[in-house]
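*Asks:* Heads up: the protein sequence lines correspond to chains A and B, in order.
Numbered by numbering that gives the first Met the number 0, the letters in the first sequence go through residues 0 to 520 in order.
Numbered by numbering that gives the first Met the number 0, the letters in the second sequence go through residues 0 to 29 in order.
Treat each hint with caution, since some may be false.
As the list claims (entries may be wrong) - Chain A is faced by these chain B residues, among others (derived, beta-carbon under 8 Å):
| hint | residue |
| --- | --- |
| 1 | 0 |
| 2 | 7 |
| 3 | 8 |
| 4 | 12 |
| 5 | 13 |
| 6 | 22 |
| 7 | 23 |
| 8 | 27 |
It is worth saying that the hints were derived from the structure and are not from the lab.
Quick reminder that beta carbons are idealized off the backbone N, C-alpha and C, glycines included.
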Amino acid sequence: MSKKGTEAKSVKREVWSSELGVILAVAGSAVGLGNFLRFPVQAANNGGGAFMIPYFISLLLLGIPLMWIEWAIGRHGGAFGHGTAPGAFDVLSKHRWIKYLGVIGILGPLIIFIYYTYIESWLVGYIFFSMTGKYFGLTSAAQLSGFLNGYQGVVKNEYFSSIAPAYIFFVATFMANMYVIKKGISGGIEKLSTYGMPLLVIIGFVLMVRVLFLGAPDSAHPDWNIWNGLGFLWNPDFSQLLSAKVWMAAAGQIFFTLSVGIGVIITYASYLKKKDDIALSGLTSVSANEFCEVIFGGSIVIPAAFAFFGPIAILGIAQSGTFNLGFVTMPMIFEKIPFGMVFATIWFLLLFIAGITSSVSLIQPVMSFVEDEFKQTREKALRIVSVVSFVLCQPAIFFLSRGVLDDLDFWGGTFCLVLFATIETILFMWVFGEKKAWEEIHHGAQLYVPKVYLYIMKYITPLFLLLLWYFWLTQEGLNTVLMKNVKPENIFYILGTRIGLLVLLLALVILVKIAWERKKK
Amino acid sequence: MTSAGFILMDLSWTAIIVLTIYCFWKVLRK
Numbered sequence: 000m001s002k003k004g005t006e007a008k009s010v011k012r013e014v015w016s017s018e019l020g021v022i023l024a025v026a027g028s029a030v031g032l033g034n035f036l037r038f039p040v041q042a043a044n045n046g047g048g049a050f051m052i053p054y055f056i057s058l059l060l061l062g063i064p065l066m067w068i069e070w071a072i073g074r075h076g077g078a079f080g081h082g083t084a085p086g087a088f089d090v091l092s093k094h095r096w097i098k099y100l101g102v103i104g105i106l107g108p109l110i111i112f113i114y115y116t117y118i119e120s121w122l123v124g125y126i127f128f129s130m131t132g133k134y135f136g137l138t139s140a141a142q143l144s145g146f147l148n149g150y151q152g153v154v155k156n157e158y159f160s161s162i163a164p165a166y167i168f169f170v171a172t173f174m175a176n177m178y179v180i181k182k183g184i185s186g187g188i189e190k191l192s193t194y195g196m197p198l199l200v201i202i203g204f205v206l207m208v209r210v211l212f213l214g215a216p217d218s219a220h221p222d223w224n225i226w227n228g229l230g231f232l233w234n235p236d237f238s239q240l241l242s243a244k245v246w247m248a249a250a251g252q253i254f255f256t257l258s259v260g261i262g263v264i265i266t267y268a269s270y271l272k273k274k275d276d277i278a279l280s281g282l283t284s285v286s287a288n289e290f291c292e293v294i295f296g297g298s299i300v301i302p303a304a305f306a307f308f309g310p311i312a313i314l315g316i317a318q319s320g321t322f323n324l325g326f327v328t329m330p331m332i333f334e335k336i337p338f339g340m341v342f343a344t345i346w347f348l349l350l351f352i353a354g355i356t357s358s359v360s361l362i363q364p365v366m367s368f369v370e371d372e373f374k375q376t377r378e379k380a381l382r383i384v385s386v387v388s389f390v391l392c393q394p395a396i397f398f399l400s401r402g403v404l405d406d407l408d409f410w411g412g413t414f415c416l417v418l419f420a421t422i423e424t425i426l427f428m429w430v431f432g433e434k435k436a437w438e439e440i441h442h443g444a445q446l447y448v449p450k451v452y453l454y455i456m457k458y459i460t461p462l463f464l465l466l467l468w469y470f471w472l473t474q475e476g477l478n479t480v481l482m483k484n485v486k487p488e489n490i491f492y493i494l495g496t497r498i499g500l501l502v503l504l505l506a507l508v509i510l511v512k513i514a515w516e517r518k519k520k
Numbered sequence: 000m001t002s003a004g005f006i007l008m009d010l011s012w013t014a015i016i017v018l019t020i021y022c023f024w025k026v027l028r029k
């Protein structure tokens with residue numbers, strides 16, 4: 000027997016060691032920075048409490064169905080030894096070309112991983128700076144923005160003369176991710192989530208209680224208080240429900256918060272046993288994500304910022320973007336409260352846990368692809384994946400000021416997600432077939448999914464996705480695709496990024512072709 | 000916060016807490 004043959008036989012697919020472990024891993028993948036920074040801003044800017052009506056409708060018609068579809072495709076593919084979308088799609092249909100559509104389910108998470116890890120490393124840096132009090136004393140938004148930009152290497156200033164500190168933290172973060180992956184599914188990802196997610200909930204609870212007990216911190220402005228801060232987020236403006244923009248914002252938030260449409264849930268679910276439940280597990284991971292998003296995410300950043308900066312400034316803060324909220328506004332608040340260094344440290348630790356449980360899920364599909372389709376051992380797959388992904392991370396780091404990270408976020412974090420979700424829904428419900436799909440979801444189920452969901456998954460979810468495409472393309476997507484908002488001096492870098500992504504896509508298509516041809520032999 | 004805002008927050012929190020407790024209870028009782 001050839002060496003290759005021996006190696007192929009020696010590779011055995013792992014399984015999760017417990018049902019709770021896989022639920023926490025999927026919840027860890029879903030709970031990210033967006034839960035704490037994006038959700039409250041979206042709610043506050045899109046009708047306040049009224050936003051929750053389209054939000055919950057989107058959860059029921061889009062988020063939960065997509066979650067079940069991905070869990071089902073993943074477990075089904077895993078039974079055939081496939082941990083990624085090309086293989087999982089291939090066993091859903093007789094059409095040979097369908098496996099190539101699954102390439103999006105590897106490309107998407109890889110693109111997100113190559114910039115997300117850098118953002119995650121800022122959190123490690125800020126944990127260190129919070130513990131040492133490095134930015135304490137910088138009290139204005141301009142100073143703290145300067146500190147952040149200096150750290151990112153966007154400018155050289157009095158705080159940082161080079162990108163070296165950020166790069167050191169990036170390498171440490173990247174290595175931490177690879178260490179978890181090296182330990183495997185149950186020994187690495189499951190263990191990280193089993194300890195990380197409860198810790199995240201404890202920290203979220205501590206921060207929420209601290210914020211809710213802030214009262215009115217400025218005695219000169221008694222109306223600048225937490226109660227009114229919660230009101231800024233929750234007071235409904237029902238007239239906004241007539242705006243399609245608000246409905247699309249809610250659908251978009253549900254889409255991005257649950258980590259559906261990326262491909263990572265397919266990979267995670269592929270490590271289930273055939274008899275394992277997916278209906279209850281999928282719903283439980285959704286509920287855990289929503290708990291972190293609506294309860295913790297809605298009770299920390301915006302109410303605290305309102306209480307400290309008042310009703311006028313909060314309007315600007317809510318529009319200032321995710322990074323500004325996390326790295327500028329929150330540090331300003333922590334500087335104003337007793338034991339601020341401690342709370343700042345645990346704030347960035349909270350975001351880091353949310354980040355690393357997501358980033359390991361983003362690189363695992365690439366690992367599974369190499370392991371399953373090329374029959375490589377985990378050690379060898381890790382060597383290949385770590386070298387390739389480390390190289391791919393570099394443009395996002397060194398050309399951050401040129402908009403490369405934003406462009407990667409657009410393609411990986413938006414475009415691929417919506418495209419992949421549309422493909423998998425149509426493939427599972429229409430090509431694989433509704434009867435087999437329904438049986439697959441209920442195989443080993445500990446929860447009976449109401450029959451109405453069969454029709455929702457077949458008709459409503461695809462329609463919702465097509466509407467999302469339409470509004471997204473007409474509102475912002477097309478302008479971004481055509482680089483209408485790109486500064487002239489950055490066009491070269493954005494174009495370079497897109498050519499690079501096309502090469503990556505082509506390379507993955509070729510790798511799928513090679514893998515399947517090797518299997519025929 | 001207005002009473003409408005409070006009711007919406009209360010309903011949202013209650014729905015999510017009930018769903019989370021129900022799901023985890025079903026998973027953990029096995």
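*Asks:* Checked against the structure, which of the hints given earlier come out wrong?
*Replies:* Violated: hint 5 alone.
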